[in-house]
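Chains as they are written, first to last, in the numbering used here: chain B, 11 to 440; chain L, 11 to 440; chain U, 11 to 440.
One or more of the hints may lead you astray.
Since the list gives no way to pick one copy over another, a pair counts as held whenever it fits inside one copy or between any two copies.
[Said to hold, decoys possible] DSSO-like mimics (lysine-lysine), calculated; alpha carbons at most 27 Å apart, straight line: (1) 291 to 86; (2) 376 to 62; (3) 104 to 210; (4) 440 to 406; (5) 247 to 360; (6) 210 to 46; (7) 367 to 24; (8) 369 to 46; (9) 369 to 245.
FYI, nobody ran anything at the bench for these hints, they're computed from the structure.
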Amino acid sequence: MQIVSGHILHNLAKKLWPFNRSITGNGVRQTLAIIKKHLPDLECIEIPSNTKVFDWTIPQEWIVREAYIISPSGKKICDFHKNNLHLIGYSESKKIKLKLSDLQNYLHSLPEQPSAIPYITSYYEKRWGFCISQEQRDILEDGIYEVFIDTDFYDGYLTYGEVFIRGSSDKEILLSTYICHPSMANNELSGISVTTFIVKWLKGLKNRRYSYRIVFLPETIGSIAFIHKNIDHLKAKIIAGYVVTCVGDDRNYSFLPTRIGNTISDTIGMHVVKNLCSNYKIFKWNDRGSDERQYCSPGVDLPIASLMRTKYAEYPEYHTSLDDLLSVVTPKGLMGGYKMIKLAIEAIEKNCYPITKIKCEPFLSKHGLYPTLSTKFTKKNIALISNLITWSDGTKSLIEIADNCGVPVWILYSLLNKLKKLNILNIHYK
Amino acid sequence: MQIVSGHILHNLAKKLWPFNRSITGNGVRQTLAIIKKHLPDLECIEIPSNTKVFDWTIPQEWIVREAYIISPSGKKICDFHKNNLHLIGYSESKKIKLKLSDLQNYLHSLPEQPSAIPYITSYYEKRWGFCISQEQRDILEDGIYEVFIDTDFYDGYLTYGEVFIRGSSDKEILLSTYICHPSMANNELSGISVTTFIVKWLKGLKNRRYSYRIVFLPETIGSIAFIHKNIDHLKAKIIAGYVVTCVGDDRNYSFLPTRIGNTISDTIGMHVVKNLCSNYKIFKWNDRGSDERQYCSPGVDLPIASLMRTKYAEYPEYHTSLDDLLSVVTPKGLMGGYKMIKLAIEAIEKNCYPITKIKCEPFLSKHGLYPTLSTKFTKKNIALISNLITWSDGTKSLIEIADNCGVPVWILYSLLNKLKKLNILNIHYK
Amino acid sequence: MQIVSGHILHNLAKKLWPFNRSITGNGVRQTLAIIKKHLPDLECIEIPSNTKVFDWTIPQEWIVREAYIISPSGKKICDFHKNNLHLIGYSESKKIKLKLSDLQNYLHSLPEQPSAIPYITSYYEKRWGFCISQEQRDILEDGIYEVFIDTDFYDGYLTYGEVFIRGSSDKEILLSTYICHPSMANNELSGISVTTFIVKWLKGLKNRRYSYRIVFLPETIGSIAFIHKNIDHLKAKIIAGYVVTCVGDDRNYSFLPTRIGNTISDTIGMHVVKNLCSNYKIFKWNDRGSDERQYCSPGVDLPIASLMRTKYAEYPEYHTSLDDLLSVVTPKGLMGGYKMIKLAIEAIEKNCYPITKIKCEPFLSKHGLYPTLSTKFTKKNIALISNLITWSDGTKSLIEIADNCGVPVWILYSLLNKLKKLNILNIHYK
């Protein structure tokens with residue numbers, strides 16, 4: 011049985027930090043290679059460039075050899091090898107000299123976050139440009155700058171990783187996280203790290219009611235390619251699942267529903283987030299922004315919601331160099347994310363329909379469940395056991411019962427087992 | 011294509027002002043004659059006095075030749091020809107001399123609105139009496155007053171006007187407004203004026219999905235007579251509609267639902283009013299007070315709601331001489347009423363079920379719908395288009411989609427057309 | 011026709027005060043004997059000790075001959091014959107001398123309510139002990155105390171009383187109150203007294219739509235025994251009903267729903283409580299604590315809610331000697347409880363589906379229901395009659411119509427009769 015700690019999760023994120031991930035290319039493959047060390051049966055799927063996937067086309071691979079600017083005084087700035095956020099994602103090659111005033115047209119910074127390098131991409135239109143902190147931009151000297159961008163595009167593959175874990179049922183739970191973001195921590199090294207260790211935990215379980223399909227893929231084009239390749243299978247088998255994203259900071263717990271809004275993924279995801287802390291946040295489908303957009307799109311209609319700590323676009327460091335492994339993503343934050351996903355999966359696994367076997371209330375004292383001296387104050391002590399039994403009428407799922415009882419569902423697991431052993435109730439599955 | 015302005019609407023109301031409208035009689039016919047100048051195919055229906063219409067009987071016609079009081083000092087006061095509100099509606103003839111103290115029993119005024127002449131009728135019990143401002147009543151001199159009321163009742167007709175406009179479908183939208191109020195502006199010259207120009211606009215439309223039936227009738231007894239004459243047809247054909255009343259002041263927008271409460275008239279009426287301004291008011295069925303009482307009555311059950319600016323009985327000038335064409339009903343107020351009715355009808359006409367043709371999100375850039383440079387701030391720009399597409403799953407009407415997107419439905423019309431032309435989605439009708 | 015007053019109700023409670031009620035024994039039989047004087051056809055059912063009833067076993071009878079403590083200075087304290095709360099219910103015999111410090115282990119008091127003797131029982135584990143006020147406990151002298159408890163357990167019966175009143179239909183309304191509490195007033199002499207007089211009223215009614223089954227039984231084990239004996243009959247016949255408990259103080263009106271939550275007992279119980287006063291309290295199923303726990307348990311599923319004044323466990327005197335017939339339960343409080351139960355039963359009896367016979371609104375003046383002079387202010391006067399008619403479409407029960415009209419249902423009874431006589435509407439039953 012693995013012992014997971016925040017530091018273990020954090021260390022994996024640190025190991026993945028340097029690679030230049032994008033929607034294609036070696037950064038993606040390097041990332042999958044590290045994951046594969048943890049998950050040896052991770053399968054890497056490669057979809058050739060130019061393949062049509064629904065309304066989209068798999069783009070060429072992008073490779074960056076080097077990218078930087080030489081200032082008039084000869085200093086190398088915006089060096090891609092120092093921070094891969096400096097180069098706009100999918101920039102084309104460029105070797106050019108230009109005045110500062112002309113260079114400014116190709117620089118991107120965030121005046122309101124002067125120390126941050128923004129994260130910008132231009133996947134589908136040929137462009138070039140650099141991202142730079144406002145602080146650095148403000149002190150650029152006048153004169154002639156030399157731009158060196160040595161990149162390449164070529165027909166290759168879009169690569170994603172997939173793990174399948176068989177359970178008693180061939181019905182599947184899907185977990186999806188994305189691997190296309192360069193060096194940023196919450197969005198999205200946190201998702202990769204947490205998901206990797208969730209898979210290790212799942213594989214270590216002795217009994218699994220459901221099968222599990224876990225994908226590590228580039229956002230949007232990756233999930234579209236995955237759905238395109240597997241749509242009939244997915245529609246037939248997937249009964250629940252989550253996009254795992256932004257699960258590493260220790261601020262909030264957040265939930266974003268499926269488009270339909272009332273699937274088992276919704277009921278359970280909402281329950282988990284609401285019961286983990288008091289300052290959780292429940293978003294609406296209109297607030298969506300990751301791969302649930304594809305999974306839940308009309309005609310695909312998979313029951314995939316999103317579980318997050320602080321949601322993308324909702325924290326100040328989002329999509330900048332400030333989204334780091336120091337102040338934003340912490341071991342404690344990652345551990346909270348891991349716990350949230352684990353609780354949600356356990357809740358799906360254990361979600362049964364209990365039914366009381368005894369008419370009228372059971373004689374709890376006989377079963378050792380009731381204090382024998384009735385005073386003014388004892389009645390409340392057995393409220394939970396009594397509530398669990400009273401709601402166990404065979405029509406309510408354990409998660410509904412937990413909501414009716416006003417407790418986290420995980421409080422009920424051992425109690426349920428006890429009542430089953432005492433022959434007070436039975437459980438069945440739908 | 012007609013150009014409608016607030017002044018055109020206001021001018022029609024001014025032209026209709028002087029006639030002594032009541033539930034029967036020449037004032038009604040004079041009013042319909044003016045409307046017919048705008049709507050040449052207006053048909054006037056006459057129901058003979060004493061006809062049984064459900065629980066009611068068509069009353070005799072009432073004619074007023076003159077009505078006034080001569081004061082002790084010989085002044086003519088409460089002269090019907092100066093203001094038709096002075097005489098209680100359906101007053102019987104009277105020629106009598108009496109002391110001020112006795113006359114007081116036949117005078118009606120509003121102490122809390124001292125400058126207002128109240129509007130009072132006694133359709134179904136023979137009575138006589140005068141309405142007078144409290145200010146004038148307070149200075150009446152002692153002495154003997156001479157009352158002259160020269161009216162007549164005779165077997166004639168209840169008259170109402172009806173226009174039918176054929177559309178592609180034989181399903182009908184009903185608009186109903188009333189013509190029985192004497193010289194008062196919001197309640198009810200505004201309804202007549204706005205409805206008249208809505209009909210002109212409807213007739214000018216090239217394509218109409220639905221047919222339209224529009225009635226100008228005396229309140230209550232008129233709608234009862236109309237329903238009585240046409241109940242089988244109405245129940246078979248009417249799919250939506252509105253009572254158009256109090257649509258001329260520029261204060262509020264108001265909605266009163268059908269009795270059933272969830273018809274298409276309700277969904278759309280509510281949507282229009284909520285999206286027209288922020289200080290709208292949604293009433294309940296228990297607040298009803300006009301012809302929806304008949305259209306929605308049990309056994310009739312037509313889906314007719316009410317669209318209003320400031321609702322009858324909700325503004326201080328209501329049912330008094332203060333409800334005028336100067337300070338209460340304005341060109342701007344009437345234009346707002348016209349716009350509201352037009353938006354509601356358009357929303358019914360255009361209410362379709364869009365369905366996305368592409369699995370997963372469309373590649374918006376390819377269709378020219380997406381900025382190619384992805385920054386932290388661009389995602390929100392395409393939210394509306396993305397939301398329109400995501401909710402277009404074939405199960406939601408355009409009005410529901412607009413509510414889901416949090417925008418007025420009329421914002422979506424051109425966008426929907428664009429997406430249809432781009433072959434991204436299809437629409438169908440139920 | 012009986013005249014019930016608060017004093018009559020209070021007097022019955024006073025007469026029942028002294029008996030040492032418990033879940034079995036003579037106190038129960040003495041109580042039933044008094045009730046039988048009011049209700050001669052009360053049938054007493056006796057279930058032998060050791061009978062299995064679902065998960066429970068009927069206990070032996072318990073008899074108390076005497077119980078007290080002699081203090082070191084020779085004073086008799088905690089005398090059962092002075093207050094039957096002094097002895098823990100179902101205490102075993104004991105004759106023992108012990109030091110104060112040892113005696114303390116067998117004493118029970120309430121430090122926060124120093125003048126109160128608590129009510130404690132130990133039905134299902136052999137124990138002994140005394141309940142004493144904190145004030146008395148605090149001044150106990152050091153030294154040796156002599157404990158005398160002379161009780162006995164023997165195979166006998168659990169006894170409960172049952173009345174059946176036949177109505178037009180064999181569908182039954184169940185009322186259940188409990189008779190196992192010793193000398194305490196709100197919980198539970200109030201329930202016995204109010205229920206007794208409700209039965210007298212029911213028997214005096216000329217027409218009863220439903221049959222009535224009323225039980226006076228020991229809480230929990232009594233209702234379980236009753237259900238066990240009659241479950242098939244009860245499930246086939248009971249269509250509504252209430253646990254009558256804590257109906258004697260004049261503070262609140264309270265409602266606790268059935269487990270299912272939307273039965274006719276719920277709709278009507280809630281309506282009655284909400285319309286009786288403004289400071290009512292609606293509880294949730296999780297707050298339950300009396301015999302509804304058995305009636306509504308999964309597999310039994312009877313539609314039994316609870317109607318109360320101030321609910322058990324919600325008032326400070328609950329389960330102590332302070333719950334008395336002086337300051338807690340008053341004639342006014344009992345009369346309010348009686349009225350509440352009566353209103354609920356009447357509402358069930360009279361709950362019909364009215365349907366308007368006239369299309370469009372009736373001509374109210376013709377039927378003498380409308381003032382003939384229409385002014386600005388008369389419209390509101392006829393709102394109620396108009397609302398009653400408009401909601402009478404045959405699909406809504408009278409209780410729903412009352413809620414729609416925003417009035418107590420009992421306001422509608424005479425109005426409904428009037429409209430029926432005028433042939434304006436019809437009623438039918440479902």
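List, from low to high, the hint numbers that the structure doesn't satisfy.
1, 3, 7 and 8
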